[in-house]
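J.: As a plain string of letters, each chain reads:
Number of protein chains: 4
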Amino acid sequence: MPETQRPLVICAPEPRTLDLIFTPAALDALKAKYRIIEAEEGAIASLGDEILGQARYIIGQPPLSAETLARMPQLRCILNVESNLINNMPYEVLFARGIHVVTTGQVFAEPVAEMGLAMALNIARGIVDADVDFRKGRELWGGEGNAGARLLSGADVGIIGFGDLGKALNRVLSGFRTHTRVYDPWMPASILIDNGVKPSSLEEVLTQSDFIFVVAAVTSENQHFLGADAFASMRPGAAFILLSRANVVDFDALMAAVASGHIVAASDVYPDEPLPLDHPVRSLKGFLRSAHRAGALDSAFKKMGDMVLEDMDLMDRNLPPMRCKRAERETVSRMRSKPVSVN
Amino acid sequence: MPETQRPLVICAPEPRTLDLIFTPAALDALKAKYRIIEAEEGAIASLGDEILGQARYIIGQPPLSAETLARMPQLRCILNVESNLINNMPYEVLFARGIHVVTTGQVFAEPVAEMGLAMALNIARGIVDADVDFRKGRELWGGEGNAGARLLSGADVGIIGFGDLGKALNRVLSGFRTHTRVYDPWMPASILIDNGVKPSSLEEVLTQSDFIFVVAAVTSENQHFLGADAFASMRPGAAFILLSRANVVDFDALMAAVASGHIVAASDVYPDEPLPLDHPVRSLKGFLRSAHRAGALDSAFKKMGDMVLEDMDLMDRNLPPMRCKRAERETVSRMRSKPVSVN
Amino acid sequence: MPETQRPLVICAPEPRTLDLIFTPAALDALKAKYRIIEAEEGAIASLGDEILGQARYIIGQPPLSAETLARMPQLRCILNVESNLINNMPYEVLFARGIHVVTTGQVFAEPVAEMGLAMALNIARGIVDADVDFRKGRELWGGEGNAGARLLSGADVGIIGFGDLGKALNRVLSGFRTHTRVYDPWMPASILIDNGVKPSSLEEVLTQSDFIFVVAAVTSENQHFLGADAFASMRPGAAFILLSRANVVDFDALMAAVASGHIVAASDVYPDEPLPLDHPVRSLKGFLRSAHRAGALDSAFKKMGDMVLEDMDLMDRNLPPMRCKRAERETVSRMRSKPVSVN
Amino acid sequence: MPETQRPLVICAPEPRTLDLIFTPAALDALKAKYRIIEAEEGAIASLGDEILGQARYIIGQPPLSAETLARMPQLRCILNVESNLINNMPYEVLFARGIHVVTTGQVFAEPVAEMGLAMALNIARGIVDADVDFRKGRELWGGEGNAGARLLSGADVGIIGFGDLGKALNRVLSGFRTHTRVYDPWMPASILIDNGVKPSSLEEVLTQSDFIFVVAAVTSENQHFLGADAFASMRPGAAFILLSRANVVDFDALMAAVASGHIVAASDVYPDEPLPLDHPVRSLKGFLRSAHRAGALDSAFKKMGDMVLEDMDLMDRNLPPMRCKRAERETVSRMRSKPVSVN
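Quick note, the sequences are listed as chains Y, G, V and A, same order. Residue -6 in this note's numbering is what sits at position 8 of the first sequence, and the numbering runs on without skipping anything. Residue 236 in this note's numbering is what sits at position 250 of the second sequence, and the numbering runs on without skipping anything. Residue 288 in this note's numbering is what sits at position 302 of the third sequence, and the numbering runs on without skipping anything. Residue 86 in this note's numbering is what sits at position 100 of the fourth sequence, and the numbering runs on without skipping anything.
Covered stretches of chain G (chain A as the covering partner; in silico rule of three or more C-beta atoms under 8 Å from a C-beta of chain A):
hint, segment
1, 79 to 89
2, 174 to 185
3, 288 to 298
4, 305 to 318
These are calculated hints, taken from the structure and not from any lab test. C-beta: ideal position from N, C-alpha, C; glycine also.
Working from the sequences, and respecting the hints, build out all of it.
T.: Dropping the structure here:
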């Protein structure tokens, strides 16, 4: 296709890079189909009108002023590959013009769900401590080593938040015949029922679960909504597995509940990342630690590029994007998960 | 029911105990419905004819001579709750008389499957080492900590042996969209296909899997059938997870394959149990250790009692047992898994 | 709640009625939570500003001019319970203002899927003709009556269109181990793969299926896209099941293909509804007829009201609607299914 | 292989034929691997000792006396391809010698399950009468034609009997989110629970189901166990679908219950087959008729041959048969389904 006929794409994917989110083959496909302008995040406004005037897509979420947007009459979509929506562009203008804003966070659903299930099984069977003991020659054999062991099969499971992560968790749990309750105030009950889970109040999830998975995004309304009372209301010995953002819990209260022996826990996220070397969670018994590793697999990043290509293909044909998740007028200003600083 | 009308059951469940395999409620139900004679394993022959002559069931696998069996004309079934069949009774006599010999090993299928899946996810995500590093303040955050991480979802999985364990594994894998090959020479291909897996040769399973689960029982024919050549034929970086008995592998060759970095592995079983304190597997990198803990959960033992009660209820009504697994004339002498010494 | 504080809803659900789409309990809930103004479809503009100025929702799809919309500053959503989008309001104005336009057609997915499966099984087993013959005493017994009979289990299935209907069909087929190909040019391949079906070209679906289900909506681009060549390319004896709208096929060509014995067919929809009494499809052998009955179940209509209530509840809380399907800027003008005249 | 080394198989498959139960390829495989002696059913005893003395398998169920069996020291298995066990051989002798008796009736499970589901959907949607009306120009369109229509999705389903047929039914129902109760007094509750259905009394199944499927084999104990009281206890308008044998019901009472309008029904089986031309069921409204066609598909018969080959392969290797179903000492004399006279 002649250079001037290929649709123009501005790429400013920081903190990602094109090499991180596209396989070599996908990057070739991108370049074959589109004219690519790579730009520093802060430099969009300084691009000339011959570029801005023809740009159909932006990959990334660079700061954009109303003035810059006004210079981009062909713009159809901003494909945010960081996935948390920052308040750095006039979303209302975008929505009014019918410019889609989409995110690719769904790529993390499967890896996070696998990690969440792994954490649950680890806690249920004491796998880390058993291996550490085995290394040191103090392992307990057979039933003697299984004093606190229990099954996930047939257990009461609670999931807090039923977006892409919650659904992926529900899928990897499908072979375990669990009784699964879900609390998600943004989700109609009938959709939960269609997914085979039981719509429940937060209290029901907390008090009637053997394993609780927290996969709710942080919003302006739910910061620290899980505190000492919540943990106290859990079944003795139940497992609390935190996979989304540390800000949804009172982390000190969580550690206290574990330290007291009332519950056991696992977490992939922390109030500060990286965490101070002297943070008490490092030595807390009954707590399984993961350093924000649940989602950040190379295969997940590469899937971002595939999703971007699929949705641009739809939009090239004047169809709406379907693969990425759209930002919504109602909620764009309520999402408060901090962007990552490390991929 | 008057004492003399209740069917008589001889209980000699060593190494189990009645309290291990029956919940209090189940034990009450057992005693309400049956006349219970508890006996030392070696003392069956010394029981009087008023007992042997009326015994309908034996719970356990005490040594039995042809003479003793001849004194038990009412015997319908031997319910072996250890689950490995020892050569300590004339099975041909039992089969000829139509006396069932059944085992309850199926109770371990679910706990072992959960442990097997946990091991696979642990290996795939490096969970044990990551937690140990986190304790020591040397954790890597985000993608930096995921150099070798990979997903189970969509992976090529191989299962060696498709009895109760293999089927349970296949069930807990059902949410992962794996491509699963099975090698089981005792199983017709069409049954494997009905279970949604691909009947395969041992070579295909070894060479085309990202994760291999070994759940084959030891028989007179398959001791040490997985050796250096087998491990060398595996995909680089593939995971080998041993869940049944150590005797099916050449354990030294397995350790060498892991030590070389060619594969990673996990095992619940060992050539000697307990294992010497200086055994090299204790410090082997890339190897996840579990001390024969995969099946021995209290909830599994308690399920034995439930199975025994369900099958005795069927046989009381002159129906064949369905819940426990029957010993077969063709294979009883070919099973070679060693009985456990520890519950 | 005081009358003036309850959100105001204008109800103009023609051709539906409130009694058709709400159960008595749901109607009570609607009236308790909202102030209801029932209006004739053509009379919206004549409502006073004290009503229009406060209206939060419209249930129905009455004609709306830009002027009338300008008088409705509080409007959040038009809930179209007919479900086909007519060109009788300025959609661009609605989209620019962020007013949602949603449809409830998903309620028909389950009943249509069940009817489609029933049609496939009927055709595969000749159930209608067999019962008619039995009534007349000319039935054939056992295998003699099964000359053309075949199974759906394990068959090659093709689905054209993978919206709500296609997904529902895929769900009711889940127990049949079919190999299912899907053609849907509006859907990214990866979403089809996630649903366990094989993304395919139209030609692949036509030439490699034993059963083909057509559930594609009519658009400005696909009218009569299935004609004589398409039917000729199908496997001999394959079944063609038409469930969406007659306009996607060349109906005469379909009848000819059935009359020739090349394929068999079933249809719920016709070029004219009702159909002339002398229409040849009435006596066509190898054709199963249903008079646009696949979706129109009372339970489906009642589900519309439930969906409307669930989405209004979300929007009352300033959340986006999730239960109903949103009209899209890109496609609203391309949908061409005729509205129904009969419920 | 030299003629004398190939295992010898006596084939007396009446009323089947080898061509009915083996595909050409399977028949070639049979003949390549085994020495085949075809015999009239009544002529086994007249075969010479050079044949009887070497026979490893019998395909069929010819009458066999204890004397004839005594002349067959190598016999390992009787593979009964009719599938109902007739009292024409000394089963006790066979069991005592460890000679397996297996049946291939499982091949009918899938076709019967599909027919059963088709019947349920037909009844729920009135498909036969609607097509007949359409042919005659008196069809009702849309909702007007759906007065009595209902969904199977989400319905309460009852299954009586949970052998191969019941399990196959449960499988084809898996996409319908039904609440399924099962009554099967020969099956432990825990196996039903493992299959995702609810173990229930006969009364619970009868009184709490919208659709009842009867797939119980006839035994000496259950003849006519479903009579007027059973039908009267069913929910008004519920559907009764009879798939196994007519002898389990009081057929006149079933017809009366349908004639009264209390229930609707479908049946594949009848007190007499073929049925007299003046039998009242032929004109009974609310009754869907099938002339014992549910199972007798050519593909099902061909599967018999495949099963026979798979099990003979196992037994050739001194393994027990797994694919076919074994006759049991306890129940062989209690099965009372009449053999078919027509394939």
